[in-house]
Amino acid sequence: MGEILYLILIDPFVQMAELPDFFLQVLWEGFVSGILYALIALGFVLIFKASGVFNFAQGIMVVFAALSLVGLYEAGVPAFLALALCVLIMLGLALGVERLVLRPLVNQPDIILFMATIGLTYFLIGLGEFIFGGEPKVMITEELLLPTGSYAWEVMGGLVIFQQIDIAAAVIAVVLMTALGLFFQNTRIGRALRAVADDHQAALSVGISLNQIWAIVWFAAGIVALATGIMWGARSDVSFALQIVALKALPVLVLGGLTSVPGAIVGGLIIGVGEKIGEIYWGSMIGGGIEGWLAYFIALAFLLVRPQGLFGERIIERV
Amino acid sequence: MLYRETGQFRTSYAADQAIFPLRQDRIGLAAIALVAALAVPLLADDFFINTIMIPFLIFALASIGLNLLTGYAGLLSLGTGAFMGVGAYACYKLTTFFPEVNVLLLILLSGFFSAGIGFVFGLPSLRIKGFYLAVATLAAQFFLDWCFNRIGWLYNYNASGAIEVPTREAFGIVLTGPTATPLARYMAVLALVVLMTWLASNLVRGRIGRSWMMVRDMDIAAELMGIRLLRTKLLAFAVSSFYCGVAGAMMVFLWLGAAEASSFGINVSFQVLFMVIIGGLGSLLGSFMGAAFIWILPIVIRAVPATLGLDIGAATVEHVSFMLVGGLIIFILIAEPHGFARLWQVAKQKMRTWPFPY
Amino acid sequence: MGLMTLERPGGKRRRHLDEVLLALEGVSLRFGGVNALSDISFDIRKGEIRAIIGPNGAGKSSMLNVINGFYQPQEGTIRWKGRERRRMNPYLAASTGIGRTFQNIALFKGMSTLDNVMSGRALKMRRGLFWQLVWIGPARREEIEHRRRVEEIIDFLEIEHIRRTPVGKLPYGLQKRVELARALAMEPELLLLDEPMAGMNLEEKEDMARFILEVNEQFGTTIALIEHDIGVVMDLSDRIVVLDYGRMIADGTPQKVRREQAVIDAYLGVAH
Chain W
1 MGEILYLILI DPFVQMAELP DFFLQVLWEG FVSGILYALI ALGFVLIFKA
51 SGVFNFAQGI MVVFAALSLV GLYEAGVPAF LALALCVLIM LGLALGVERL
101 VLRPLVNQPD IILFMATIGL TYFLIGLGEF IFGGEPKVMI TEELLLPTGS
151 YAWEVMGGLV IFQQIDIAAA VIAVVLMTAL GLFFQNTRIG RALRAVADDH
201 QAALSVGISL NQIWAIVWFA AGIVALATGI MWGARSDVSF ALQIVALKAL
251 PVLVLGGLTS VPGAIVGGLI IGVGEKIGEI YWGSMIGGGI EGWLAYFIAL
301 AFLLVRPQGL FGERIIERV
Chain U
320 MLYRETGQFR TSYAADQAIF PLRQDRIGLA AIALVAALAV PLLADDFFIN
370 TIMIPFLIFA LASIGLNLLT GYAGLLSLGT GAFMGVGAYA CYKLTTFFPE
420 VNVLLLILLS GFFSAGIGFV FGLPSLRIKG FYLAVATLAA QFFLDWCFNR
470 IGWLYNYNAS GAIEVPTREA FGIVLTGPTA TPLARYMAVL ALVVLMTWLA
520 SNLVRGRIGR SWMMVRDMDI AAELMGIRLL RTKLLAFAVS SFYCGVAGAM
570 MVFLWLGAAE ASSFGINVSF QVLFMVIIGG LGSLLGSFMG AAFIWILPIV
620 IRAVPATLGL DIGAATVEHV SFMLVGGLII FILIAEPHGF ARLWQVAKQK
670 MRTWPFPY
Chain A
678 MGLMTLERPG GKRRRHLDEV LLALEGVSLR FGGVNALSDI SFDIRKGEIR
728 AIIGPNGAGK SSMLNVINGF YQPQEGTIRW KGRERRRMNP YLAASTGIGR
778 TFQNIALFKG MSTLDNVMSG RALKMRRGLF WQLVWIGPAR REEIEHRRRV
828 EEIIDFLEIE HIRRTPVGKL PYGLQKRVEL ARALAMEPEL LLLDEPMAGM
878 NLEEKEDMAR FILEVNEQFG TTIALIEHDI GVVMDLSDRI VVLDYGRMIA
928 DGTPQKVRRE QAVIDAYLGV AH
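Protein chains in written order, with this note's numbering: chain W, 1 to 319; chain U, 320 to 677; chain A, 678 to 949.
Quick caveat, the hints were computed from the structure, so don't treat them as lab data.
Fair warning: this is a prediction, and the values are worked out from it, not measured in the lab.
Check the hints yourself; a few may be wrong.
To be verified - Simulated crosslink set (BS3-like; lysine-lysine; CA at most 25 Å straight-line):
1. U:LYS667 x A:LYS786
2. A:LYS846 x A:LYS786
3. A:LYS723 x U:LYS669
4. A:LYS801 x A:LYS723
5. A:LYS846 x U:LYS669
6. A:LYS801 x A:LYS758
7. U:LYS448 x A:LYS786
8. A:LYS933 x A:LYS723
9. W:LYS49 x U:LYS448
10. A:LYS846 x U:LYS667
11. A:LYS786 x A:LYS758
12. A:LYS786 x A:LYS801
Can you make the complete structure from the sequences, with help from the hints?
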């Protein structure tokens, strides 16, 4: 018994202290995957905020965007032209979703819209595999002029390796989030979006077009998905397996509190770092592979303390 | 004309509370029972029974399970697959420990294990609501998935990591394992599903069903009417998981014959959720309709090119069927968000008043 | 001030206005820094119709929420049937005989009128999971027994024709009536009505007023109600509490309250 307690409560920290460079490496890895979770969650938040739709298809949008990019390149389109075409594809997707899915389902209960996005997920999986085939593909990292080398940092008697692509991912994520934040804070469309988020009917009554706003947020979410797809694809390969990983965005979301952009970021980092540390230092005790569910338990633990998430609006019950 | 209730008076509250107060409905039900219990066994071939009827019934039971939770009590769950898995693994262990016991009894017993796990994962539901709760059930899904993979004891340390169904009997008839005939398995599935559907229909029309719907429609008001929220929600989780667990045990023992952790993955959860939504939230009949639609549609789609003599690769057919299923789900949600059950109600109403519009 | 046509069955109403059912002493309720209620003391006597009135934001709904345990007051004591209530929650309130209706209708929208009213019997039905599953036998007997009682209430409130209709489809006035039926099905000793006539037209108001009086007389139910229509309140109630900015500014019979300067000021407005 004492031994087990030692293994759980003390040993992991001893390991951390003994190999601080390794610990730093783990933190960095967690940080980077946290950034990627946060990016997916960001797409969710945009759509949820503006339309109250819990967009299950965000994960598959990431895959779809990355597949289109690689597929176009393989078909002979120059890399940056392919990138531009992908932006157009995401625009088309946003318009199509708004016209064919959201508009006919306006005013339906949340769960119906949620189910529709699962239907959309199936559709996109089928479409993606139909066009591009089911095999994993390699992201065209170098062609897009993204760095691929790595830096080694000598610290605390050891080495910490930073992949340049990871640094690029972090930078791009920060730029993207800042840009979106500024856009929604300072532009007319941004104000309209926040109005819609607050109250659909009130927004309609002051002349804001819901359809237009929805198309815009889905497009924005599509752009975020494209960026996420590129970053993620550069770290592993582009395949539909990514979709299951994208489910991790759910605990990230609820941890951050569905409607909050900073929440998505902080939530992503907590989950990313938390599950890496958990896997490396505690996972091996019980056979490893706990990364698959640890994120959900971390989120659950936070939720039990704060049911509305870290940055969510406090739910006040009234009668 | 055929569907008239004139002349059928309900003279007592008991008659008014019957599940099928109308004579026409009772006749229809009897016809379906005859087909299921006589026509199918006599006329259908093994392929039809094995690929369509048995899985359809099993998924219908799982849908009823999820419907009790989501449709009646309003608690969204994405962990159905895992709860089915708990039933299956529990049944596997039970048959290992008690080889002599009637296997149908063991299948029912395994539901209790699933109910217990469902109870535990339902505990957060007091504080967490809506999509937040869905994440709690996802935790169950992935955690249990992991257990099915990593805990060797659950699959008797088989090298393959899979559970293989041993040969077991009930009432002197071999029901499980390679030697069991599809017909025997079908009758067993039918009997269990009919029994449990009847029990569920009793449950939802009485006090407990009402208390679930109260919590679903407005939990604060329910509390002020004297409903204890945690107790009611946990009961919904437990009963729902019981149904899913039994469905899972049946899935492995009376249909697949073998299973591994991936048989109970998140995709199964979504499949059952589709069945419930397409069939109609809060309708037992809808669960059957949804299960039939979602289960049979891909089979039909896959069969189409072959019947037309088209030479299309299996992979392509698979992809197209994904697209079609996804597209159809969106289409049905747009056409009738309340599912087939509502369509059926509307159709019945039209028949009652025909030839007048209302 | 409309509704003067309402007939009262003379002085025939039998009253036992001496027995105190619920007594509040020095109750204060705060949300953060906001004082929703400060130092409120009044009582509700068995068999009376007690009105709580006041301008918007005076704390009337908070008062009801305190009475049925939805909010916990920070200070003060509440006596229910002579015994001091300590920790309170809505379940306990319901099970000790406090029923209520809501300002913004809180019916169970997915259920029929009949099921909604039956839900009021939730506390009185006892058969457990096993009998519910079997249905035939005790569970069905119990259901029918309560159904009989519920049908009486449905007859009483004249909503037989909408028994099977999902309440979400009913017009506002009828929904209010179904909500009253549901509360009555609980057979409460104290019935709290939160603006039972809000948003109704004159005819609906007259109906509702008639029902409230009949409930009070036939079932002997004690009623505490919030209402904005002063005419109705003056006609219906035995005693009135007037709140303004979370403070009690008057308490007494309609005749007395009507003459209080503080009440007139609160309603007509004076320079504070």
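To see whether the hints hold, each was checked on the structure:
1. U:LYS667 x A:LYS786: holds (22 Å)
2. A:LYS846 x A:LYS786: Given pair LYS846 of chain A, LYS786 of chain A holds - Cα atoms ~8 Å apart, limit 25 Å.
3. A:LYS723 x U:LYS669: violated (52 Å)
4. A:LYS801 x A:LYS723: holds (22 Å)
5. A:LYS846 x U:LYS669: holds (19 Å)
6. A:LYS801 x A:LYS758: holds (20 Å)
7. U:LYS448 x A:LYS786: The hint holds at about 19 Å.
8. A:LYS933 x A:LYS723: holds (21 Å)
9. W:LYS49 x U:LYS448: holds (18 Å)
10. A:LYS846 x U:LYS667: holds (19 Å)
11. A:LYS786 x A:LYS758: violated (34 Å)
12. A:LYS786 x A:LYS801: This hinted pair holds, its Cα atoms lying about 22 Å apart.
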